[in-house]
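Given chain A, work out where chain B should sit, using these hints.
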Amino acid sequence: MATNTVALKYWRCLSWHNGTAMKKHLAHITTSSDTTLWLLAALLLAFAPHTLRLPMTISVLCLLFGLWRFTIERRSGATLPHPIIRTFILCITLIIVYLHYGTLLGREAGIALLACMLALKLLEMRTVRDYVIVILLGYFLAITLVLYSQTLPMAAYMILVAFMLTATLIDLNLRQEQRSIQTNLKLTAKLFVQATPIMLILFFLFPRIPGPLWSLPDDAHSGTTGISDEMSMGSISNLSQSDEIAFRVAFDNRVIDNELSYWRGPVLWQTDGKNWSSGKAASINRTLSYRPKGKPINYTVTLEPHNQKWLYGLDLPATVPLQATINRDFQLITKSQVKELKRYKMTSYSEYETGPLTVDEIQRALQLPANRNSRTIALGQQWQQQLQDPETIVNRALRYFNQQPFVYTLKPPLLGNNPVDEFLFNTQQGFCEHYAASFTVLMRAAGIPTRIVTGYQGGDFNPVGNYLIVRQRDAHAWTEVWLADQGWVRIDPTAAVAPERVELGAETAFAELFDRQSTLQFESTFLTNNWLKLRYGWDSLNNSWNQWVIGYDTLKQSQLLSRFGVDSIKQMAIAMVIATVAALTLLLLLSMHRDRKQQDVISSTYQRFCQKFSAIGIQRLPHEGPVDFARRIITLRPDLAPQVHQINDLYIALKYRPRHTQQQIKNLQQQVRQLKL
Amino acid sequence: MKYLPPSIEHLASRLFNLERRSGNDRSDSIVLTRRRIYILPTYYGVLFSMLLMLLLVGSTNYNNSLGFVLTFLLASVGLVSIIHTYRNLLHLKIGTGKASAVFCGSVATFYLQLEKPDSASRYNICIRFKGEPPVITNISDDAIAEIKLTRPTTRRGWQPLEQITIDSVFPLGLFRAWSHFTLPKSCLVYPQPAEQSLPPASKGSGTGKNNTPNGGDDFIGFRSYQPGDSPRHVNWKAAAHSNDLLTKRFGDNESSELWLDWDSRPDLDIEARLSQLCRWVIDAEQSGSQYGLRVPGTTIPLGQGSGHQHRCLEILALFELA
Chain A
1 MATNTVALKY WRCLSWHNGT AMKKHLAHIT TSSDTTLWLL AALLLAFAPH TLRLPMTISV
61 LCLLFGLWRF TIERRSGATL PHPIIRTFIL CITLIIVYLH YGTLLGREAG IALLACMLAL
121 KLLEMRTVRD YVIVILLGYF LAITLVLYSQ TLPMAAYMIL VAFMLTATLI DLNLRQEQRS
181 IQTNLKLTAK LFVQATPIML ILFFLFPRIP GPLWSLPDDA HSGTTGISDE MSMGSISNLS
241 QSDEIAFRVA FDNRVIDNEL SYWRGPVLWQ TDGKNWSSGK AASINRTLSY RPKGKPINYT
301 VTLEPHNQKW LYGLDLPATV PLQATINRDF QLITKSQVKE LKRYKMTSYS EYETGPLTVD
361 EIQRALQLPA NRNSRTIALG QQWQQQLQDP ETIVNRALRY FNQQPFVYTL KPPLLGNNPV
421 DEFLFNTQQG FCEHYAASFT VLMRAAGIPT RIVTGYQGGD FNPVGNYLIV RQRDAHAWTE
481 VWLADQGWVR IDPTAAVAPE RVELGAETAF AELFDRQSTL QFESTFLTNN WLKLRYGWDS
541 LNNSWNQWVI GYDTLKQSQL LSRFGVDSIK QMAIAMVIAT VAALTLLLLL SMHRDRKQQD
601 VISSTYQRFC QKFSAIGIQR LPHEGPVDFA RRIITLRPDL APQVHQINDL YIALKYRPRH
661 TQQQIKNLQQ QVRQLKL
Chain B
1001 MKYLPPSIEH LASRLFNLER RSGNDRSDSI VLTRRRIYIL PTYYGVLFSM LLMLLLVGST
1061 NYNNSLGFVL TFLLASVGLV SIIHTYRNLL HLKIGTGKAS AVFCGSVATF YLQLEKPDSA
1121 SRYNICIRFK GEPPVITNIS DDAIAEIKLT RPTTRRGWQP LEQITIDSVF PLGLFRAWSH
1181 FTLPKSCLVY PQPAEQSLPP ASKGSGTGKN NTPNGGDDFI GFRSYQPGDS PRHVNWKAAA
1241 HSNDLLTKRF GDNESSELWL DWDSRPDLDI EARLSQLCRW VIDAEQSGSQ YGLRVPGTTI
1301 PLGQGSGHQH RCLEILALFE LA
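These protein sequence lines are chains A and B, in that order.
Per my numbering, the first sequence starts with residue 1, numbered consecutively.
Per my numbering, the second sequence starts with residue 1001, numbered consecutively.
Since the hints were made in silico from the structure, they are not lab data.
Some clues are possibly wrong.
So the derived list for chain B, only partly shown, Cβ under 10 angstroms to chain A, looks like this [as the list claims (entries may be wrong)]:
1) LEU1047
2) SER1059
3) ASN1064
4) LEU1066
5) VAL1069
6) ALA1075
7) LEU1079
8) ILE1083
9) LEU1090
10) GLU1115
11) TYR1123
12) ASN1124
13) LEU1172
None of the values given here were measured: they were computed from a predicted structure.
Where a beta carbon is used, it is the ideal one built from N, C-alpha and C, also for glycine.
Chain A on its own, in the form it takes in the complex:
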C-alpha cells in the first residue's frame, strides 16, 4: 500500500499540468550539455563578423559572457550566476552601450544591444523556453549580418548560421538516446533541401512593398565608398587603391573602345584654388538638350550602392532612367541616395554637339580665385595673348603637359596653399585630378570656359559574362572646354601625360604601383590565363547574383511576373499561396509515395511467405510480430531455421530500416519463391 501511494504521489507530482517547479525540472532535463555547446557554436558563428565592427568593449563583453556559459557547461557542478548578479551585469551592459552610441536605438546601437542581450540571456538559459528564445534571437542576429554585406559568400555564411541554429532547435526536440550529430545534421539538411523550392517561390512571388516603411536611422547605410561631389588634390588617388566594384555594364550590341569609356559623374565648376565643387545646382532638363551624332550606344548599368544622389552614364547620356532626372550638366540625378543595388537601361551618344552657354554659365566656367595660383594664371593669360584661338591654346596646354617631365603617379607629393602652381612648376607629379584641376585653371586664365567632370574611365571587360566591370580604381577626372562652334568638348589632360591610362585602363598604367602583381604582366602563362578565367567567372557569378538576388526589387518583380501574366499584388499573393501549397502537397505525396511503393512489394512478398506456412498449419497470429512468428516457426520446424532466419532478417531490414536497395528486394522475392516446405 505504502509504496503505491509513494509512486502515485511521484507521478502526480510529475504531472504535466501540475506545479511549475516540476515543469521547470522536466524542461531542464530534456536539454543536454551538447545542445548548449551546439548553440554556443552557432551563436559564435553569427557573432564573429560583428566583433570587428562593434566597439571593442562590447565585442569582448559578449565573448566573455559566451565563454562564461561555456565554462559553466564544461565544469560539472558549476551553476548559473545569481539573478542579482545578472541584473547588475545587465545594467552595466546597458550603460556601456549607451555611452558608446549615445542612444539605444538605430542600426549600430541596435545590433550592439541585440548582441549584448543575447549574450546575457546565455547566463540564465535553463529551460526549453529559454533555449528557443535564444535560438530565435540568434536568427535575428544572423539577419543583421547582411545589413553590411550582401555578397555571395556572406549569403552562404548566413545560411550556415541559420543551419546551425536550426540543428540546435532539432536537437531540443530529439530524445537523449536519439541524439547524434549525424542524425541531427541529416535531418536539418533534409529540412533545408526541402525548404529550398518553397523559399524560391516565396522569394520571387511574395509581393514586395517598396521600402523603407519608415525613415531609417542615419547610420543605416554607412561605409560605402565612391566618388563624391567635391574634389581636392589627392581625393581620387585615394579611391584608386580600391578594387571595389563601382558598377557593371552590359552592352546591348557592341562594346565601346576604352578611349570612349568615360562614365559621367558630378560636374565641378566652383573652386577656391584648392578644392572643387559643383557650386550652384544645375537646372533640370526636360528634353534632350544636345544634338547627338553617330550611332546610339545601348547598355544596362548595375550600380552598387554608393550613398550619393546620382547615377553614372556613358558620356553623354541620352535617356533618363526611372526615378531619375538629367540636369544641364548632363548628369543623372536621383531623388534620394542610392542605397541599394540599382539597375537601369541607358542610351548614350559618344559624339555630340551641345548648344550655347547662358551668361551665368560663362561666368561660372571662368571663375577663378584671384589670390591663389598666380603663376599658373599668368601663364594662361600669356597663352591667351600669344595664341588667341581657343583651340590652339588647348593644344598648347596639352603639349605642355606632354613635353614637360610630368609624371603620372598614384602617390603624388603633398601640396601647399597654391597647389596648382606647386604642381605645374615644382613637383610635376600627380594623378588625374592634378592634371584636370591645373588644366582648368590654365584654360580659365586664358578665357576659355572650362569645367571638371568626375566619374570613371575604362573598366575590365569580363569575357565570361560579357560585361564591363568598373571599379573604384577606375575613378577619373577630366575636363570639358566650351568652344563656340562645337559646344562642350571633352579634353583629358591625363591622356597627354599617360596615354596608356586612357587607352588601356588604370590597372595597366599603375601595374607596378599596385601591391599585388599585375595580372597582365603574366598574361601569357597558362596559370595566369586560368586564374583570369576563374576571376572573371567568379565576377560573372557575382553579377548574376546581383541581377537576380540582390537587385530583385519591386520593379524587377513586377517586370518579371508581368511576363507570366501576373500583374497585381493580389495576383502575386494568390500565385504565391497556390504555388506554396502545391509544393508542400507535392513534397508530402512524394515522400509517402516512395515509401509506399516499395513497401507494397515487400509486404506482399512477406504475405506470400506467411501463406506458405499457413498452408502447412502454422498461422501467423494477428498480434504476432515477424520476429515472434519466426521464432515459433523454428520451434515447430527446426529444419527450416536457416532459410526462415535469412528471409526474416532481410524482411525486417527492408521494412524497418531506412536504407535499402532494389537488389535486396529482389533477393527477398527470390528466397521466398525458393522456400520449399
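Only chain B this time, still in chain A's reference frame:
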C-alpha cells in the same frame, strides 16, 4: 513543450468534429490515418511566426534582398516542418497488449504497441492519458515500440482504457500534431483489500477451522510483498537495502479448509464487505489453505492456486456490476 491554450485545441477538435470520429473504433488496434491527425502551431510556432514578421518588416525597410532570403528560408523550413511533424504520426498503428488485473488503489498498467508501416523513423512521440505525464518514445530501426501507460484506480470493476492522446512536436517544436483515440481494452480492478485481517465470523459448512491466515501471533517468516499487504507487516528495514519488499508472515503454518462468507460481516456495507472478503482471499491463498467463496448468487467451491484466487477476486470485483 508548451502548447497553445487547451481552449484553442478544444475548439479545433470541435470544429473538425474530432471527438465523434474517434472512439467509435471497436477493433483491437487503430491506424492513425489522415483524418485522425490534427495539427496546430505550438506556442513556439506563434513566437516563430512573430519573428518572421519582424524579419520581413526589417528586410522591407532596408530593402535588403538577403534579408528576404533568410526570412523566406526560415518560413519555408517552418512550413516543411509541418509535413515532418504530420508524417511523424501518420500511418502509425497502435495496438494493445496485456493489462493485468490490479487491486483498487494501485496503478493500472496498459501496454501499447506502436508500429510504423514504413522505413521512416519516428521520433519523440508522446502518448498520455489526459492530465498524466506523457510516455515518450522513438520508433526507429526496430519498427515496433512497446510503451506502458499507467492510470491510478479508484473503483473496482472493469477499468476501460480511457481516451489516449498521442502527439508529437518533432522536428522543430513549432507545430504539434495530435490525435485522440480509445481502444477496447479494460483492466480488471479487484476491490481494495481491507487493512485489517479479521477472522470470518461464520464458519463454512465444511470441516474448516477458524483460521486467520495471517492473523496468528507467531512470526513464521517472510514472503515477497503483494498488493494489499498491510504496511505494518512490511519489513521496512530490509526494504532500505534492496528493491524487493518483504512482508512478515504470522500465523499457523497449517493447511486447512476455509469458507469465506458474505454473511460473516453483516455489520459492514457492500464495499467494505467486498474489501474484507478480498483481504481474506489473499490471506487464505497465501496461507496455502483450501478456500471457497460464498457471495449472494454465487458460490465458488473450495480450491487453491492463482487461478482459483483470480476467480474469487473477479467475482468480488464485478459483484453487482456486471
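Right, here's what the structure says about each hint:
For LEU1047/B, the interface hint holds, since its Cβ comes within 10 angstroms of a Cβ in chain A; the closest pair sits about 6 angstroms apart. The restraint placing SER1059/B at the interface with chain A holds, with a minimum CB-CB distance near 7 angstroms, inside the 10 angstroms limit. Because the smallest distance between the Cβ of ASN1064/B and any Cβ of chain A comes to about 6 angstroms, under 10 angstroms, the interface hint for this residue holds. With a least beta-carbon distance of about 4 angstroms to chain A, the hint placing LEU1066/B at the interface is held under the 10 angstroms criterion.
Hint status for VAL1069/B: holds, given a least beta-carbon distance of 6 angstroms to chain A, under 10 angstroms. The interface hint given for ALA1075/B is met, as the beta carbon of that residue sits about 6 angstroms from the closest beta carbon of chain A, less than 10 angstroms. A hinted interface residue such as LEU1079/B counts as satisfied when its beta carbon comes closer than 10 angstroms to some beta carbon of chain A; here the least separation is about 6 angstroms, so the hint holds. With a least beta-carbon distance of about 5 angstroms to chain A, the hint placing ILE1083/B at the interface is held under the 10 angstroms criterion.
With a cut of 10 angstroms, the hint placing LEU1090/B at the interface with chain A holds, because the nearest CB-to-CB distance is about 8 angstroms. The beta carbon of GLU1115/B is positioned within 10 angstroms of a beta carbon in chain A (closest approach about 8 angstroms), and the interface hint is therefore held. For the restraint placing TYR1123/B at the interface with chain A, the shortest Cβ-Cβ distance is roughly 6 angstroms, inside the 10 angstroms limit, so the hint holds. Nearest Cβ of chain A to the Cβ of ASN1124/B: about 6 angstroms, under the 10 angstroms cut. The hint holds.
With a least beta-carbon distance of about 5 angstroms to chain A, the hint placing LEU1172/B at the interface is held under the 10 angstroms criterion.
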